[in-house]
Amino acid sequence: MNGLLSALRTVGAMTIDGIWRLGFATRFLVAVLMHSGQSLRRVHLTIREIYFSGVLSLLIIVVSGLFVGLVLGLQGYDILQRYGSSEAVGVMVALSLLRELGPVVAGLLFASRAGSAVTAEIGLMKATEQLKAMDMMAVNPLARVVAPRFWGGVISMPLLAAMFSTMGIFGGWLIAVPVIGVDDGAFWSQMQAAVDFRTDVLNGVIKSVVFGTAVSLIAVFEGYDCQPTAEGVSRAITRTVVTSSLAILALDFVLTSFMFRGQ
Amino acid sequence: MTPPSDKPLVSLRDVHFAYGERVVLSGIDLTVHRGQLVAIMGGSGCGKTTLLRLIGGQLTAGSGAVEVAGRDVGRMSERELYAMRRRMGMLFQFGALFTDMSVFENVAFPLREHSALPPELVRDLVLMKLEAVGLRGAQAMRPGELSGGMARRVALARAVALDPMLVLYDEPFAGLDPISLGIVGQLIRRLNDALGASSVMVTHDVHESLEIVDYIYFVSNGRIVARGTPDEIRASTDPFVHQFVNAEADGPVPFHYPATPIEALLAGEAQ
Amino acid sequence: MMNRTALDLWVGIFVAIGFAALTFLAMKVGNFSVFNKAPTYVVTAQFDNIGGLKVRAPVKSAGVLVGRVSSIDFDAGSYRAVVGIEIDSRYEFPSDTSAAILTSGLLGEQYIGLDAGGDIEMLRDGDRVMLSQSAVVLEKLIGQFLFDRASETPAQ
Numbered sequence: 001m002n003g004l005l006s007a008l009r010t011v012g013a014m015t016i017d018g019i020w021r022l023g024f025a026t027r028f029l030v031a032v033l034m035h036s037g038q039s040l041r042r043v044h045l046t047i048r049e050i051y052f053s054g055v056l057s058l059l060i061i062v063v064s065g066l067f068v069g070l071v072l073g074l075q076g077y078d079i080l081q082r083y084g085s086s087e088a089v090g091v092m093v094a095l096s097l098l099r100e101l102g103p104v105v106a107g108l109l110f111a112s113r114a115g116s117a118v119t120a121e122i123g124l125m126k127a128t129e130q131l132k133a134m135d136m137m138a139v140n141p142l143a144r145v146v147a148p149r150f151w152g153g154v155i156s157m158p159l160l161a162a163m164f165s166t167m168g169i170f171g172g173w174l175i176a177v178p179v180i181g182v183d184d185g186a187f188w189s190q191m192q193a194a195v196d197f198r199t200d201v202l203n204g205v206i207k208s209v210v211f212g213t214a215v216s217l218i219a220v221f222e223g224y225d226c227q228p229t230a231e232g233v234s235r236a237i238t239r240t241v242v243t244s245s246l247a248i249l250a251l252d253f254v255l256t257s258f259m260f261r262g263q
Numbered sequence: 001m002t003p004p005s006d007k008p009l010v011s012l013r014d015v016h017f018a019y020g021e022r023v024v025l026s027g028i029d030l031t032v033h034r035g036q037l038v039a040i041m042g043g044s045g046c047g048k049t050t051l052l053r054l055i056g057g058q059l060t061a062g063s064g065a066v067e068v069a070g071r072d073v074g075r076m077s078e079r080e081l082y083a084m085r086r087r088m089g090m091l092f093q094f095g096a097l098f099t100d101m102s103v104f105e106n107v108a109f110p111l112r113e114h115s116a117l118p119p120e121l122v123r124d125l126v127l128m129k130l131e132a133v134g135l136r137g138a139q140a141m142r143p144g145e146l147s148g149g150m151a152r153r154v155a156l157a158r159a160v161a162l163d164p165m166l167v168l169y170d171e172p173f174a175g176l177d178p179i180s181l182g183i184v185g186q187l188i189r190r191l192n193d194a195l196g197a198s199s200v201m202v203t204h205d206v207h208e209s210l211e212i213v214d215y216i217y218f219v220s221n222g223r224i225v226a227r228g229t230p231d232e233i234r235a236s237t238d239p240f241v242h243q244f245v246n247a248e249a250d251g252p253v254p255f256h257y258p259a260t261p262i263e264a265l266l267a268g269e270a271q
Numbered sequence: 001m002m003n004r005t006a007l008d009l010w011v012g013i014f015v016a017i018g019f020a021a022l023t024f025l026a027m028k029v030g031n032f033s034v035f036n037k038a039p040t041y042v043v044t045a046q047f048d049n050i051g052g053l054k055v056r057a058p059v060k061s062a063g064v065l066v067g068r069v070s071s072i073d074f075d076a077g078s079y080r081a082v083v084g085i086e087i088d089s090r091y092e093f094p095s096d097t098s099a100a101i102l103t104s105g106l107l108g109e110q111y112i113g114l115d116a117g118g119d120i121e122m123l124r125d126g127d128r129v130m131l132s133q134s135a136v137v138l139e140k141l142i143g144q145f146l147f148d149r150a151s152e153t154p155a156q
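Line by line, the protein sequences give chains W, H and D. Okay, so the first sequence: first residue is 1 according to our numbering, each after it adds one. Okay, so the second sequence: first residue is 1 according to our numbering, each after it adds one. Okay, so the third sequence: first residue is 1 according to our numbering, each after it adds one.
Next up, chain W with everything else stripped away, as it sits in the complex (with noise of 0.2 angstroms):
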């Protein structure tokens, strides 16, 4: 009995603890969006958190995208085969990149690669001072540090997850091509055929705009809202890595439920 009614009082705080990190996180959004005017109009403050974001995590997101490629081209072989429909592979490869694999693996590296340095830098000058030095100075770090680093996630998530598409459907192209000899413009006929702009394409970079966001902001928030210590720092970007990925697998479910709906 005492031991139900302790677990659900430990369901209860976590409830409510849940819902007040959410709440904090969303009135911090609307911080960090009314404070980045200045992060538009430097726009250099902004090419700097691109490059760490993005062109930082480009050979990760380039490497990986090659090899779910590669696997896909593999496996998408191995089963079609059976059905005597071989040169849909590229079909394959490319609706389940699209769709699902771009945005969600590349959004998933992203947070790792990215998110968790985001968190790390930011908790670290909240663990040194310097965010309240910068504060003292007059120099708001919403719109000096959080707007700039929150921007460059939103900006380099959705070219990357473009990358990681590229590159996969490259990948799949190369198993299916030279390697097992489907023939080229079967490959490429086919998935123009079965590939739709609006459905496919457009919806995929929706949803790598949508994780970005999310990823960036999560980022930012637990650093900025991380206990200023070493302790502190190591959890947050933990935190950062594993609510990043939920929310993106929940995201995903969430917006392929309105996208494929089946008209």
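Check each hint, because a few of them may be wrong.
Selected chain W positions facing chain H (in silico; Cβ < 8 angstroms) [unchecked claim]:
#	residue
1	Thr128
2	Glu129
3	Gln130
4	Lys132
5	Ala133
6	Asp135
7	Met136
8	Met137
9	Ala138
10	Val139
No lab work stands behind these hints: they were computed from the structure. Think of the CB as a built atom: it goes at the ideal place given N, C-alpha and C, for glycine as much as any other residue.
Chain W is fixed; fit chains H and D onto it per the hints.
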């Protein structure tokens, strides 16, 4: 010593402050005249850093007035607060230098953020400030490469980059070796006089402070328990001041954290 | 830290690659063409049953893609489906053209096939295709087949 002018730059009147239930400051009165270098002293956790935050507008007093240059800091809008902070410098406990910038960039930061000065002028101003703290040669170094004392001096140059009217120091001597400590102490005094600024310094280093400051407040348990010029403090017979200046373990500031008497505890276990 | 020019260059390269990838996905994979957004005209056709036809399904004539389904509505008066057919303006069809809902392969996606008639007048925007053939519903087909077999058996 600079003669105090009649209108104080900073004045706190009957200031109370609490973090939730925990009362940190109760009934603080404090005055800083223009040109003065004032020290606030007390043990760790006595609320002296909170006092500094109140003056800088990072916290708002529960009741009472915190005035800087005749204006109540607690009633300022964010815009007014930022306008005030442009004329204020603050040295943080461990310098709080921006780790992703060089020494030069750190000192240039407030100038670049708040003025549209041409790059050559910014460069000259930064090098002048660095020269004043003796670190012009270290301009290209990164904060990670600096020793604790050097980092403190760079932070000092950054704090005075905009020629502030008021400089706040949060534990400027913490963690410094005796030589660096002396250098930083002398710099604080020299910069204060050279800039015609006023300074408030929070510290627990009595001996260094007595050498350089104009006036001292002792804070304990959220109240001001003693005040005076360095000479008055040295001559003071107040038991708190005596304990603090002579670093005695027990006195008005008790060695034991409040607890039930040890005899009662032992008696209870014996049963 | 690297200097500003190098950083700008890297970010520039990054953004360029990103947009190149987006363009590749849109053009080569998604077969999207912004440049020749050809003018179209819309005609309607009524069907008793459209089966699994969807908006943006292909419209073909002689196996060539000539347009797409632009809308699917239900006419509450006649209880029939009203399908909007968007046809590329390059292709004109006689006004007695017939529309049929066909299936690519046995279980593939459904599309509309247009069979040109012989009239001199051509279909114009807003016109209605008079002749239509509904989708073949597999269940009905099987039911029909079984019914036919059942009615044949006693005769033997």
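Evaluation of the provided hints:
1. For Thr128 of chain W, the suggested interface contact is upheld, since its CB lies about 6 angstroms from the closest CB of chain H, less than 8 angstroms.
2. Interface hint status for Glu129 of chain W: upheld, as the beta-carbon distance to the closest one in chain H is roughly 4 angstroms, under 8 angstroms.
3. For Gln130 of chain W, the interface hint holds, the least distance from its beta-carbon to any beta-carbon of chain H being 5 angstroms, beneath 8 angstroms.
4. Contact between Lys132 of chain W and chain H, as hinted, is supported at the beta carbon level, the nearest pair being about 7 angstroms apart and thus within 8 angstroms.
5. At about 4 angstroms, the closest approach between the beta carbon of Ala133 of chain W and any beta carbon in chain H falls short of 8 angstroms, and the interface hint on this residue holds.
6. Taking 8 angstroms as the C-beta cut-off, the interface hint given for Asp135 of chain W holds, the closest approach to chain H being about 7 angstroms.
7. Satisfaction of the interface hint for Met136 of chain W is found here, the shortest Cβ-Cβ separation to chain H being roughly 4 angstroms, below the 8 angstroms cut-off.
8. Interface hint status for Met137 of chain W: upheld, as the beta-carbon distance to the closest one in chain H is roughly 5 angstroms, under 8 angstroms.
9. Residue-level restraint check for Ala138 of chain W holds (minimum Cβ-Cβ distance to chain H is 4 angstroms; threshold 8 angstroms).
10. Given hint, Val139 of chain W at the interface with chain H, holds; its Cβ is 5 angstroms from that chain's nearest Cβ, closer than 8 angstroms.
In this structure, every one of the numbered hints holds.
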